Amino acid sequence: MANVAWSRELVTQSLEPLFVYLSDEGARNLRPIHAATLRFGWPPDQHPGDVVANAARRYGLTPLLVHSTSWRLEAGHVILTYVVVVRRPVALNENLADEHVPRTDLARGDAMSAPQEIGVAQVLEHAFRHLSWLVKDDDAVRLALPDWMAFLGTYVAEPFQAFGAPAG
Amino acid sequence: MLKEVTCLCGWVARGTDDDVVEQLTIHAWDDHGVRKTREEILANATPIGTADASGV
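Protein sequence lines correspond, in order, to chains A and B.
Be aware that the first sequence starts at 663, since it is given in our numbering, and climbs by one per residue.
Be aware that the second sequence starts at 8, since it is given in our numbering, and climbs by one per residue.
Don't read these hints as lab results, they were simulated from the structure.
The model shown is predicted, which means the values in this text are computed figures rather than measured ones.
No residue lacks a Cβ here, since even glycine has one placed at the ideal position from N, Cα and C.
Accuracy of the hints is not assured; some may be wrong.
Computed list of chain B residues with no C-beta within reach of chain A, every gap over 12 Å [said to hold, decoys possible]: (1) K10; (2) E11; (3) T13; (4) W18; (5) R21; (6) R45.
Partial chain A-side listing against chain B, Cβ under 7 Å, derived [claimed, not checked]: (7) A697; (8) F702; (9) A753; (10) L754; (11) N757; (12) P777.
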């Protein structure tokens with residue numbers, strides 16, 4: 663939460679890392695206790711993947727993989743969202759809340775526009791569907807996430823599901 | 008120069024150096040019970056643009 667109004671004159675992009683880890687019950691999202699997501703300015707001289715990985719380390723987390731999953735416009739500014747897969751924490755930083763990641767429908771727009779609203783769970787649903795493909799197609803992702811194979815196997819892309827079941 | 012500081016808890020302050028120092032000083036004490044120096048706060052500030060006629 664900010665208590666200073668955002669100015670359209672500020673020329674910046676924001677990064678939004680979503681820290682996730684795999685528990686025995688499924689994926690967990692580690693969000694900051696005073697915001698729905700962690701956001702901060704993207705220093706122009708730094709690679710965003712390095713920035714979000716270092717952000718995880720500030721909480722004592724060990725990043726295993728960073729992946730830019732989506733972007734959106736908000737108040738005229740680009741917010742680039744990363745899923746940051748981290749090792750299961752031994753102790754949780756006091757500034758983080760540990761939450762279950764529910765399954766949900768994807769946020770959908772139309773052919774020429776983005777969805778009106780995108781929730782964090784929907785961003786993670788999208789991210790996990792994409793990772794479910796990458797662990798099969800990309801050696802780097804497969805090697806980084808060996809423990810996630812079975813879990814991500816439940817996120818097989820279902821491109822026609824949004825149209826509903828066949829009639830009759 | 009306008010700057011932004013994001014607290015580890017997710018709370019964000021934006022504005023001039025004086026603005027973010029004032030906001031973070033209050034936030035750190037009220038919400039976390041800790042005192043931060045101006046130097047500590049500005050060390051974690053990211054430049055995000057230039058001040059403009061809107062007065063932000």
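Status of each hint after checking the structure:
{"no.": "1", "hint": "K10", "result": "8 Å, violated"}
{"no.": "2", "hint": "E11", "result": "5 Å, violated"}
{"no.": "3", "hint": "T13", "result": "4 Å, violated"}
{"no.": "4", "hint": "W18", "result": "5 Å, violated"}
{"no.": "5", "hint": "R21", "result": "5 Å, violated"}
{"no.": "6", "hint": "R45", "result": "18 Å, holds"}
{"no.": "7", "hint": "A697", "result": "3 Å, holds"}
{"no.": "8", "hint": "F702", "result": "4 Å, holds"}
{"no.": "9", "hint": "A753", "result": "15 Å, violated"}
{"no.": "10", "hint": "L754", "result": "12 Å, violated"}
{"no.": "11", "hint": "N757", "result": "4 Å, holds"}
{"no.": "12", "hint": "P777", "result": "23 Å, violated"}
Violated hints, in rising order: 1, 2, 3, 4, 5, 9, 10 and 12; the structure is consistent with all others.
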